[in-house]
Amino acid sequence: MIPGVSIEEKTDPLQGQILEVSMGPHHPSTHGVFRMDVKLDGERIVSLKPVFGYLHRNHEKIAEDVSYLGSIPYTDRLDYLCSLTNNWAYCLAVEKLSGFEIPERAEYIRVIVGELTRLVNHTCLMGFFVQDLGAMGTPLMYAFREREKILDLFEGLTGARMMCNYMRFGGVRCDLPVGWIDEVKKVIAAFPRFLDEFESLLTQNEILIARAQGVGVLSKELAINAGITGPCLRASGVGHDLRKVDAYSIYSRFDFKVPIGAHGDCYDRFMIRLLEMRESLKILDQAIAALPSGQIIDPKAKSRGLRPKAGEAYGRIEAPKGELGFYLISEGGPSPYRYRVRPPSLINLTVLEDMCLGGTVADAIATLGSIDIVLGEVDR
Amino acid sequence: MLGTGILRGLKETARNVIGSFREKDRLPTVMYPEETVKTKENFRTFPFLVYDGDHAMPGLRCVSCRICEKECPPQCIFIIQERDENNKAVKHPRVFDIDFSVCMQCGICAEVCPFDAIKMDNIYELAGEDRFTGLLVDKHRLAKSNHYYHQIKPTEANEVDGRLAEDKRKAEEAAKAKAAAAAAKAAPPPTAAT
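Sequence lines, in order, name chains D and S. One point on numbering: in numbering that gives the first Met the number 0, the residue at position 254 of the first sequence is 253, and numbering is uninterrupted. One point on numbering: in numbering that gives the first Met the number 0, the residue at position 98 of the second sequence is 97, and numbering is uninterrupted.
No lab work stands behind these hints, which were simulated from the structure alone. By construction, the Cβ of each residue, glycine as well, lies at the ideal position given by its N, Cα and C atoms. Be aware that one or more of the hints could be misleading.
Label pairs and their calculated CB-CB ranges [claimed, not checked]:
1. D:181 to S:22: 13 to 21 angstroms
2. D:203 to S:19: 35 to 43 angstroms
3. S:73 to D:209: 41 to 49 angstroms
4. D:289 to S:154: 49 to 57 angstroms
Given these sequences and hints, build the entire structure.
Written out as structure tokens, the structure is:
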């Protein structure tokens with residue numbers, strides 16, 4: 000008996016043997032501590048139950064206990080690959096609640112760091128995804144090499160590489176350091192070369208095509224009904240992007256396209272991310288060119304000792320993984336009465352069984368990799 | 000034709016291998032710990048207490064107002080205020096402990112401190128043998144001079160020094176104005192006296 004692995008044998012004279020396998024929670028392909036309770040008929044999956052909660056940290060209840068400001072560093076730890084967009088969604092909710100105005104410059108800085116975060120997330124995801132398919136090391140290391148350059152930018156601006164804790168209610172914490180924008184320009188200018196190389200390395204690779212095309216198909220109807228958001232939804236052919244739909248912040252000013260897939264399979268989900276990165280680069284170019292000078296935080300806004308008037312607000316943004324929303328209820332106290340996170344990873348996981356049924360175990364791994372989950376966000 | 004995609008991928012790999020000898024961009028790693036990457040000025044790890052002058056303990060800027068203790072999200076700061084022989088509160092911490100094993104390096108303490116007394120350090124090689132007392136850092140280990148602060152974060156430290164000097168000048172002016180007003184009140188103007 001191997002600890003952590005339960006094997007249950009069920010014999011059915013007509014079906015043959017159904018084997019129940021517990022994949023995870025320490026399976027390297029589950030991107031953290033996530034378990035799939037899989038029933039197998041031979042190599043085919045007949046049932047799959049996602050089991051999560053191994054990384055539960057009581058985030059929502061803690062946030063109801065600390066001040067509004069004190070929650071910002073905790074939101075960094077939700078989706079730890081893209082802390083800046085987490086900050087942004089939370090600040091947006093609090094700003095709606097207390098009616099702060101965000102100065103122009105702060106909005107532009109937010110867009111710049113938000114799109115850089117999208118680049119970080121998608122490079123990581125593509126690396127991890129092909130790693131799950133068996134491309135051990137090489138593409139992941141290339142992806143990480145590019146990600147490091149953006150993390151260096153974050154370090155120069157916010158002081159931390161991953162746990163940035165940068166946005167504040169009504170703006171951002173500190174202004175851009177001298178020469179930072181030039182460094183961003185350098186990184187952005189070099190990024191298309193990486194994308195081109197990555198594309199020619201992978202997109203026509205026969206092994207990737209064989210493993211990803213037609214695997215883990217998510218139909219358009221199911222995607223809409225299950226509330227799937229982000230690249231997973233767009234890969235299924237639904238053109239829904241909150242940057243266009245809500246046009247929150249200043250996204251209405253930028254010229255960019257929303258890539259849409261056709262088949263909803265793993266390959267489409269992979270390609271969507273590649274295309275989205277190119278669009279992000281376009282937004283970054285425009286935002287940097289138009290970056291105004293001025294204040295970086297609303298002078299009326301206060302971070303410490305904030306007591307918004309009683310009410311409720313829902314702030315949502317298009318995070319790299321999908322719609323990230325924060326729902327806050329205030330009773331006028333120093334901390335929210337209710338604090339609820341709508342994590343895109345968790346909602347996108349709910350259709351995992353539908354995508355995996357009938358496929359092989361190896362397909363389930365590929366499908367899970369293409370959904371792009373971060374367990375810090377799923378379990379909170 | 001089957002296999003061309005793989006061959007194209009191999010070409011990329013070869014380009015990266017050869018490129019890693021020529022371009023810094025393709026091989027950004029360094030041989031840690033012999034070599035280290037220079038950290039950015041904004042880089043933050045754990046908090047430290049700034050003191051002015053040559054001696055740490057009388058020079059601490061901290062007045063033990065305990066704002067950082069209240070605002071710290073994981074509650075890793077512990078402060079007891081100093082008291083003199085008459086049991087009167089003194090603007091100085093008797094105990095100022097930070098538990099580095101709990102601290103999450105968010106920097107909120109430095110942000111909320113109204114006296115610029117607590118700032119974020121940039122040391123990162125902190126591994127120790129002792130898990131409990133080794134990471135519970137008291138005020139003597141936390142205290143670092145303003146000179147050190149200028150060394151690690153010159154831009155920020157100059158800004159802070161300027162602000163503090165400005166505050167001091169204003170306070171002195173206000174005190175002077177107050178003294179002048181008090182003097183004028185004590186000695187009534189001659190017109191009123193006649």
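Going through the hints against the structure:
no., hint, in the structure
1, D:181 to S:22: 13 to 21 angstroms, "holds (20 angstroms)"
2, D:203 to S:19: 35 to 43 angstroms, "violated (24 angstroms)"
3, S:73 to D:209: 41 to 49 angstroms, "holds (48 angstroms)"
4, D:289 to S:154: 49 to 57 angstroms, "violated (26 angstroms)"
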